[in-house]
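A.B. asks: Respectively, the protein sequence lines represent chains A and B.
Going by our numbering, the first residue of the first sequence is number 1, and it counts up by one from there.
Going by our numbering, the first residue of the second sequence is number 427, and it counts up by one from there.
For the record, the hints were derived by calculation from the structure and aren't laboratory data.
Note that the coordinates shown come from a computational prediction; the quantities given were computed from them, not determined experimentally.
Even glycine gets a Cβ: it sits at the ideal position worked out from N, Cα and C.
Take the hints with a grain of salt, since some may be wrong.
[Claimed, not checked] Which chain B residues face chain A? A few, computed with CB under 8 Å, are given here:
id, residue
1, Ser544
2, Leu551
3, Arg554
4, Val576
5, Arg584
6, Ser588
7, Ala592
[What the hints assert, rightly or not] Cut-off 30 Å, straight-line C-alpha distance, at most; resulting in silico cross-link-like pairs (DSSO-like, lysine-lysine):
id, chain 1, residue 1, chain 2, residue 2
8, A, Lys217, A, Lys153
9, A, Lys350, B, Lys532
10, A, Lys350, B, Lys507
11, B, Lys532, B, Lys507
12, A, Lys350, B, Lys582
13, B, Lys582, A, Lys217
14, A, Lys123, A, Lys158
15, B, Lys507, A, Lys218
16, B, Lys532, A, Lys238
17, A, Lys170, B, Lys507
18, A, Lys217, B, Lys511
Chain residues, written in single-letter form:
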Amino acid sequence: MRNLLAAAALSFAACSGHAQLSIEITGAGAQRIPVAIVPFVGEGALAGGANAAISAIVRADLERSGLFRGVEVPSLVPAPTEASSVNYAEWKSRLADALVLGSVAARPDGRFEARFRLHDVVKQSSIGGVAYTMSREQLRATAHRIADYVYEKLTGEKGVFSTRIAYVVKRGSRYELQIADADGANEQAMLVSNEPIISPAWSPNGKRIAYVSFQNKKPIVYVQDVEVPKQNIVANFKGSNSAPAWSPDGTRLAVALTRDGSSQIYLINPDGGNVRRLTFSGGIDTEPRYSPDGQWIYFTSDRGGSPQIYRMAAAGGDAQRVTFEGSYNVSPRISPDGRSLAYIMRNGSKYQVALLDLGTRQVQVLTDSDLDESPSFAPNGRQILLASIAGGRGVLTAVSADGRVKQRLTVNAGDVREPAWGPLLQ
Amino acid sequence: MRTLSLAFIACTLAACTATQTPDRQPPAAVEDRAPGAVAQPAPSAPPAGVDLTGRPASGAAALKDPNSILSKRSVYYDFDKFNIKDDYRPMIEAHARYLRENGGTKMLVQGNTDERGSREYNLALGQRRSEGVKRMLMLLGGREEQIEAVSLGEEKPRMAGSNEEAWAQNRRSDMLYPGEY
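Isolated chain A, as found in the complex (with noise of 0.2 Å):
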């Protein structure tokens, strides 16, 4: 593998600050779980300076996801922990459907114990809990677990709340390529510089970023392992080299690259190894991904005469149009269970985020703003973050798949664009 040094004009910040991403819900689904969470009993302890408690990071990712809805508990004395038993009426007259009961107790190790029990208040039931060791500074990542937990169990989904997306700040003529928490916390800079940065992708492990820099004055695909600041140049070619996108096994990426004359699609190693080229139109061909089970490659093409969205085998031959309605569609993302497309239409004079059921053939456009990109599926499908303009600023927008539950993500004196969900915890 070809290794660069940080370049001068580059830096890298490897230490990890405060969250500077901020979240708004602006929609919320219209039928949500009340779900009661009781402050932990000894949560004060790992709590205080820019740590909050445990119940309050829980309740406020379940009310994040648009799902739930947090009731509001009066102390309680004696304060009631994950072993106590549990008044399933006294609950529901308290419109509770599910109740999280838990404590935090401090090991002798020095480490922490959280346990919790999720109750089924309307079955008054028990579902279930766990028990977690952790130090203190994986506080917030437990908290995510305990809330992916009761997600999980009240939806029969994943949750994705311990998951980080990747996105690209712009402030003033300076390029950031971040990643944070789902939250918008623990936000870490993974490279900063003064030529743009586009299309952020995750590895399907996480744990390496493939994108595009323009620092040496010319579009380049690179891959940087997310904890160390070392770029490997993945695609340096004539022409432009871009739109990076994993093989689901992660061993092959598909790029755009114009080295023989216009913006074709080829496959290559991580490490820049083994080139082959896959389309061989003579028009734009770009933005390719991979479907979930790496039989297709979707990409846009204007070998119709328009930006139409594509899709061919894995490894090459002919290609089958799959958008027929409208002049302009482009930046196709295949959900992660492979039935359904985002991607980019343009709308009268609005490029807006629509959903086409690869199925039934159905579209449905999810987004009512003016100049949306880069649609990204949270790994358990129920959401799509995407990039759009909000008040002359670049804002981030998550959008539930069924259009209903929005939230707002922006940065402090920045534009944010060029988001990319992580996949699952693993």
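Put chain B on the given structure of chain A with help from the hints.
C.D. replies: Below, chain B alone, put in the same frame as chain A:
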């Protein structure tokens, strides 16, 4: 006198670039046939670029002379298009002639797009725009190794704003000489 000063400029230009071809044509041998390319000498123009014969200036100073067509560098496009409108042909012809007459000089063509749609599609579209300008320059006498075509996509807008005026300014290819990028 005129030939001497032009030759001096050409040599100075060539010295800035890595390669210099020995078979460079003397500038005076080329006749202008491009309609609308005739530049009027401006009183404020620097002496080296002034052409008292009425022929267009073809020295380096003309690149900066607002009265020379060579000072014009930008090709503008319609949305999602990369075809070069006829209006820009005289300008591209003048630059092709300049490249032909100054075989040692190089040019960078940067393709740009407006902010709408996808960044990656716009990067590819910008490349098609710059390649189109490069192809026309080569058809008109520029050499492949003189001209590099790159794309900035929607990443470096000349004019900020989400309106048609800004978008029209940003759908553009720029022809740039060494020292200008």
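A.B. asks: Each hint: holds or not?
C.D. replies: Do the hints match the structure? See the list:
no., hint, verdict
1, Ser544, "holds (4 Å)"
2, Leu551, "holds (7 Å)"
3, Arg554, "holds (6 Å)"
4, Val576, "holds (5 Å)"
5, Arg584, "violated (14 Å)"
6, Ser588, "holds (6 Å)"
7, Ala592, "violated (12 Å)"
8, Lys217/A / Lys153/A, "violated (50 Å)"
9, Lys350/A / Lys532/B, "violated (40 Å)"
10, Lys350/A / Lys507/B, "holds (18 Å)"
11, Lys532/B / Lys507/B, "holds (26 Å)"
12, Lys350/A / Lys582/B, "holds (21 Å)"
13, Lys582/B / Lys217/A, "holds (11 Å)"
14, Lys123/A / Lys158/A, "holds (22 Å)"
15, Lys507/B / Lys218/A, "holds (22 Å)"
16, Lys532/B / Lys238/A, "holds (16 Å)"
17, Lys170/A / Lys507/B, "holds (28 Å)"
18, Lys217/A / Lys511/B, "holds (28 Å)"
Violated hints, in rising order: 5, 7, 8 and 9; the structure is consistent with all others.
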